[in-house]
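Enquirer: This is what each chain is made of:
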Amino acid sequence: MKILSTFFLCLFLVSSANAQERFLTKKGMISFFSETPIENIEAQNNQVLSIVDANSGKMAIAILMKSFMFKKALMQEHFNENYVESDKYPKAIFKGDIIDFDSITASETTLAIKGDLTIHGKTKEITINAVTKKTDEVIQMKGNFFINLTDFDVKIPSVVKNNISEKIKVSFRLYHKAYKK
Amino acid sequence: MKKIFLTVFLILASLQLSSQDLLDILELEAPVQENIVSATFKGTRIVNGHSIENRKNKELEFIISHRFGRVNTGFEELFGLDQANIRFALEYGLTDDLTAGLGRSSFEKTYDGYLKYSLLKQKTGANAFPFAVSLFGSIAAKSQKAIAGNERTFAESLFYVGQVLIAKKVNSSLSIQVTPTYVHRNLATIAADPHDIFALGFGTRVKLSKRVSLNAEYYQQFQNLTSINARNSLAFGVDIETGGHVFQIILSNAITMVEKSFITETTGNFFGGDIHLGFNLSRTF
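Keeping their order, the protein sequence lines are chains W and A.
Just so you know, our numbering puts 18 at position 37 of the first sequence, and the rest follows in order with no gaps.
Just so you know, our numbering puts 246 at position 236 of the second sequence, and the rest follows in order with no gaps.
Any given hint could be a false lead.
Unchecked claim - Example chain A residues on the side facing chain W (calculated, C-beta under 8 Å, incomplete):
#1 LEU33
#2 PRO41
#3 GLU44
#4 ALA49
#5 THR50
#6 THR252
As the list claims (entries may be wrong) - Listing some non-contacts, in silico: residues in chain W with all C-beta distances to chain A over 12 Å:
#7 ASP34
#8 ALA87
#9 GLU89
#10 LYS115
#11 LYS148
#12 ILE149
It should be emphasised that the hints constitute simulated quantities derived from the structure, not laboratory data.
These numbers come from a predicted model, not from an experiment.
Glycine is no exception: its CB is placed at the ideal position from the N, C-alpha and C atoms.
Next comes chain W alone, as it looks inside the complex:
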């Protein structure tokens, strides 16, 4: 009987804790920037889904590739058709752990996030620094990092080799709010 009650208590605590300690955004911003002497290319996605579990310090991000908006419609079409192949690989995914998540405070602190980034069907482990901030209601994260297109098997044809950088700067701004089911 005692065991049974402990079991239900644990179950209750676990499930309720999970439900309250998750922070989610559906309007996260991720942009990328390619800089070459000939041309700068940038695109922004304002519909990024991201979730942080404040119990475990784990986080997950889902990015719909077709939601990246470019200045030139033709660039956007080429991005989806020829480079990231959005029909085949519709999403980019990040799954990782916020290191030393317990040290997060209501003032801005830089924390490292380590995890697996999957773009174009290829996965690579990366570590990102993010400026973070947590209150009871929100978890904010922002920062930027670089990725190499070769790591994700995104090929640049030789004719536009000088127009597209191999190294792409990625910026993010994720303002999670307390998530209730």
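Position chain A relative to chain W; hints supplied.
Expert: Same frame as chain W, but now just chain A:
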């Protein structure tokens, strides 16, 4: 002992739970989005005829198209390379859905102007729709001087074309289009020639690689110009895309590139070797 075991099990189970379903929650929370299917065809032409693709808002495209003579004219004509019909055109996206074009062909010194409007878009996700529909209208004016005794008025030099373009991107490598077409000619050369010609076009694109595709196009006419013994137009093309350019290499039994002409005035027999080699080069600004 049992209790500790149970507690450990529960903690493990809860950890497992939280790490695994963060992505599931995102999946669950993802709004159902409306996805407009893009790049059904690479260019605004399948081969000779228009595809449903429009130029995007404020995009200007300069197109140089070229058709050589018939390859079966032999070595003396260098397999048709000695003759050529060339068309220069400027095409501009007035909005994302409306494109206007002006062109001039050396063949019969023809000027042409057109408007193409994207009426319905193929969509997946929310508000899914299985195919795309565009409307096309053009006017062509023949400006070549008539031979003495055959003079015509300006009105008699005009031709009108209306098309409904219905296309579907079946998957990322296969697209198909059906094109009901109406051509009106103000002047019929002989009484037996119809003023109105209806035709049905079929077009397809098969992607060979990310930047190369194979295209084919056929127009079945329901009335023919008997004075010239007109045939149905058949054409094959290869699209090669490089950044802002689309380069098309074409084999066609028509020497012309404007709708009224290649649909209703083609005389070549493709399988008899009356094939014109050609190019479409486009540059987007």
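Enquirer: Does each hint fit the structure? Answer for all of them.
Expert: Hint check results:
1. LEU33: holds (5 Å)
2. PRO41: Holds, about 7 Å.
3. GLU44: violated (11 Å)
4. ALA49: holds (5 Å)
5. THR50: Not OK, violated: THR50(A) not within 8 Å of chain W, min 11 Å.
6. THR252: holds (5 Å)
7. ASP34: Violated, because the least Cβ-Cβ distance between ASP34(W) and chain A comes to about 5 Å, which does not exceed 12 Å.
8. ALA87: holds (23 Å)
9. GLU89: Given a closest Cβ separation of 24 Å, the condition holds.
10. LYS115: Correct as stated: the minimum Cβ-Cβ distance to chain A is 17 Å, above 12 Å.
11. LYS148: holds (20 Å)
12. ILE149: For ILE149(W), whose nearest Cβ neighbour in chain A is about 17 Å away, the distance exceeds 12 Å, so it holds.
Consistency note: the structure conflicts with the earlier hints numbered 3, 5, 7.
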